[in-house]
Amino acid sequence: MKAPRRPPEPVQIVKQRRDATLRALVERVPYIQYLGMQFERKGDELTGVLPFDQKLIGNPMLPAIHGGVTAAFLEVTAIITLSWFFLWEDVESGAIDTAALEAGGLPRLPKTIDFSTDYLRSGLPRDAYARARINRSGRRYASVHVEAWQDNRNRLFAQATGHFLMPSQRD
Amino acid sequence: MKNKVDIARQFIEAIPHSKALGMQLTDMGEGVATIEMPYDGKLVGDPDTGVIHGGAVSALMDTCCGAAVMSHPANPGGTATIDLRIDYMRAATPGQAIRAQAICYHVTRTVAFVRATATDDDTDNPVAAATGAFTVEGTR
Numbered sequence: 000m001k002a003p004r005r006p007p008e009p010v011q012i013v014k015q016r017r018d019a020t021l022r023a024l025v026e027r028v029p030y031i032q033y034l035g036m037q038f039e040r041k042g043d044e045l046t047g048v049l050p051f052d053q054k055l056i057g058n059p060m061l062p063a064i065h066g067g068v069t070a071a072f073l074e075v076t077a078i079i080t081l082s083w084f085f086l087w088e089d090v091e092s093g094a095i096d097t098a099a100l101e102a103g104g105l106p107r108l109p110k111t112i113d114f115s116t117d118y119l120r121s122g123l124p125r126d127a128y129a130r131a132r133i134n135r136s137g138r139r140y141a142s143v144h145v146e147a148w149q150d151n152r153n154r155l156f157a158q159a160t161g162h163f164l165m166p167s168q169r170d
Numbered sequence: 000m001k002n003k004v005d006i007a008r009q010f011i012e013a014i015p016h017s018k019a020l021g022m023q024l025t026d027m028g029e030g031v032a033t034i035e036m037p038y039d040g041k042l043v044g045d046p047d048t049g050v051i052h053g054g055a056v057s058a059l060m061d062t063c064c065g066a067a068v069m070s071h072p073a074n075p076g077g078t079a080t081i082d083l084r085i086d087y088m089r090a091a092t093p094g095q096a097i098r099a100q101a102i103c104y105h106v107t108r109t110v111a112f113v114r115a116t117a118t119d120d121d122t123d124n125p126v127a128a129a130t131g132a133f134t135v136e137g138t139r
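Residue numbers (numbering that gives the first Met the number 0), protein chains in the order written: chain Z, 0 to 170; chain S, 0 to 139.
Because the hints were derived from the structure by calculation, they are not lab data. Treat the hints loosely; a few may be bogus.
Here are the computed lysine-lysine pairs in the DSBU-like style, where the Cα-Cα straight-line distance is at most 35 angstroms [as the list claims (entries may be wrong)]:
(1) 14/Z to 41/S
(2) 14/Z to 54/Z
(3) 14/Z to 110/Z
(4) 41/Z to 110/Z
(5) 41/Z to 14/Z
(6) 14/Z to 1/Z
(7) 54/Z to 110/Z
(8) 110/Z to 41/S
(9) 41/S to 18/S
(10) 41/S to 54/Z
(11) 41/Z to 41/S
(12) 110/Z to 18/S
(13) 54/Z to 41/Z
(14) 18/S to 54/Z
Please model the entire structure based on the sequences and the hints provided.
Structural data, given as structure tokens:
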């Protein structure tokens, strides 16, 4: 006779663990807070959100979001998404220590090697959204593509590709 | 009469995001620009070490490259970034200001080509390098 299958974990326990991990990644980085960035999560899919703010303006005449802000928004989305998938297995298995995370134990983050941003349209004074796709994630290096849009998902205002150095594997 | 460099300087110093990051234009003219950004706790990307986030370095590089384009004699007006690539060579030392120096090394009727480096107090060891293409506005 087969061993009885383990019953699925209660949904709130799973969500609690996922959200605690995401909060730990995002909330302790001063620069992410300074930009006012947030992350929305649907399952394992993350969307970076940059609510519009006057201090993000780069060209007061248009007005348009600063190109550096756009690059930063895309880079943060890439790093958080990369870290998120790096931790995902431990989050799902429950191996991750959420209590330590909540006490301020920030997981080690990937480091940017290079980041290349294409500016497709000027960033309007509206909220912006971004999603990253990990095209390759090896033991040491990762390559990530990011797309950002505002009102229409199909009209990107910027895209970027970056390479990252992964944190050394836990034992 | 105000010259173009003064106008460009005024324009750059009026940029809300550059002001918010405390950027100061220390040198500008004939296609080159130097901008300094003081260390600030709100720009930290790694709370364990206090190292500035790469994104803040991007904002500095983008502003500095734009300033170099605007100051170039062959560029009649404003500019916008087409693309900008940044290489991060090392972490900037916490507590130190970052200085970016950009040079607009070629301008066509429609495109300006720029490169830049950023350093902290250890000026022999750049923190980051950038290359980019910018629009030339006011022609065509």
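We went through each hint and held it up to the structure:
The straight-line distance between the Cα atoms of residue 14/Z and residue 41/S is roughly 30 angstroms, inside the 35 angstroms bound, and the hint therefore holds. At roughly 34 angstroms between alpha-carbon atoms, residue 14/Z and residue 54/Z fall within 35 angstroms of each other, so this suggested pair holds. At most 35 angstroms may separate the alpha-carbon atoms for a hinted pair to count; residue 14/Z and residue 110/Z meet this at roughly 27 angstroms. Taking the CA atoms of residue 41/Z and residue 110/Z, the gap is about 25 angstroms. The hint holds against a cut of 35 angstroms.
In summary, the hint linking residue 41/Z to residue 14/Z is supported, as the alpha carbons are separated by about 10 angstroms, within the 35 angstroms threshold. Annotation: proposed proximity of residue 14/Z to residue 1/Z holds, straight-line Cα distance about 30 angstroms (limit 35 angstroms). About 26 angstroms separates the Cα atoms of residue 54/Z and residue 110/Z, which keeps this hinted pair within 35 angstroms; it holds. The straight-line distance between the Cα atoms of residue 110/Z and residue 41/S is roughly 19 angstroms, inside the 35 angstroms bound, and the hint therefore holds.
For a cut-off of 35 angstroms, the pair hint linking residue 41/S to residue 18/S stands: about 14 angstroms separates their Cα positions. Under the criterion of a C-alpha separation no larger than 35 angstroms, the hint pairing residue 41/S with residue 54/Z is consistent with the structure, at around 14 angstroms. For the given pair, residue 41/Z sits about 29 angstroms from residue 41/S by alpha-carbon distance, which is consistent with the 35 angstroms threshold. In summary, the hint linking residue 110/Z to residue 18/S is supported, as the alpha carbons are separated by about 27 angstroms, within the 35 angstroms threshold.
For a cut-off of 35 angstroms, the pair hint linking residue 54/Z to residue 41/Z stands: about 29 angstroms separates their Cα positions. A C-alpha spacing of about 8 angstroms is found between residue 18/S and residue 54/Z, which places the hinted pair at or below 35 angstroms, so the restraint holds.
Going down the numbered hints, you'll see the structure goes against none, and every one checks out.
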